[in-house]
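Residue numbers (numbering that gives the first Met the number 0): 0 to 348.
It is worth saying that the hints were derived from the structure and are not from the lab.
Pair ranges (Cβ atoms, derived):
1. L259 <-> G213: 17 to 23 Å
2. L285 <-> V40: 24 to 30 Å
3. L44 <-> N227: 45 to 51 Å
4. G230 <-> Q253: 22 to 28 Å
5. I115 <-> F191: 28 to 34 Å
6. V3 <-> L212: 33 to 39 Å
7. L285 <-> L212: 24 to 30 Å
All figures in this text were calculated on a predicted structure; none of them were measured in a lab.
We put the beta carbon where it would ideally sit given N, CA and C, even for glycine.
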Amino acid sequence: MDIVLTVMLFAWPAFLLWLASLADRNRATDNPSSANSLAVVTYGLLIATFGALIAVGLMLQGIAFAAAQNPVMLEGLAGSGFDPAAFGPMGLSLWGPSILGILLLWQPVRNLLAKIIPISADRAVHAVALSYIALILINLFFTLGMGIGNLANTMESEAGGMINPIGSIWAQDISMAIMGLIGVGWLARRYFPNALERLGIVKPTFKQVLIGLGAGLILVPVVILFENLAGRVGLGANPDVERLTEQMIGPLTQSAFGILTLGLAAALGEETVFRGALQPRFGLLLTAVLFALLHSTYGLTLSTLIVFFVGLVLGLLRQRYNTTTSMITHAVYNISLGVITYFGLLQNL
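Using the sequences and the hints given, assemble the complete structure.
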């Protein structure tokens, strides 16, 4: 069921990207009326989606306000396992970023952003991609609104302290990779090989393979050293983040296939979308920020800063070489951390 829900979650945004790509194709083939119609439909569906999220967010805030005025309702919500105090922040996390998503579809806003990052303000795909920034923010702030500690407690109680996320992780990252392909024009403007070339997913040279392997291995001690230094000055890892991470990723480090999943799935999905599709249009810095914020279970903590740093390194490899090189680095880095965890090599540090 988790796999089906994951695929469904990505299907709608991928469909809207496909419509936007069709609009851009028609505009490029001198069919402006059809292009404009498709763009209007795409923007309308996306605005309706954000409108639904705004409505749900306002409803959650309305429940929070009503519960604060009604002790009986407050007790009922608390007794059902929901934290009444979380409804307000959760509601805000839905409608606030949704308004931003709608604003990013507005032509004057895109014109302004086109002066800062290498997007085309007239491209429907670029407009939709910009608006999807709101989805990353919704994911992050909704997680923060629920509370990372509350999420960890819920997962511990519902799963008995253990879950098997391998299937859902592969479903998520394969869906992300397909979405990245559609975003650069596959099924609309580009054939599959051309889409891979635009993404920077090419056959690496032997030198690039060695660079990817080396960069991934070097990142591990650098990050471990940084975490230890941060801990010594009182900026250690957040305990709730560590508990939630253990619930979500811990099971992956218990088997060889799980460790490979930890590296290969993330390299496939995240690198295709962020380094492959987004970085050439959003630039190195913004892409690394969005990459860090995507990891919502880290909240806004030291772990988020580390992911941002890793994203910068991966982005530089994409700029200097290609996305395949950054994929190798990402996979090696994650797999190395998984192996270290499996053997308990950092327990005495």
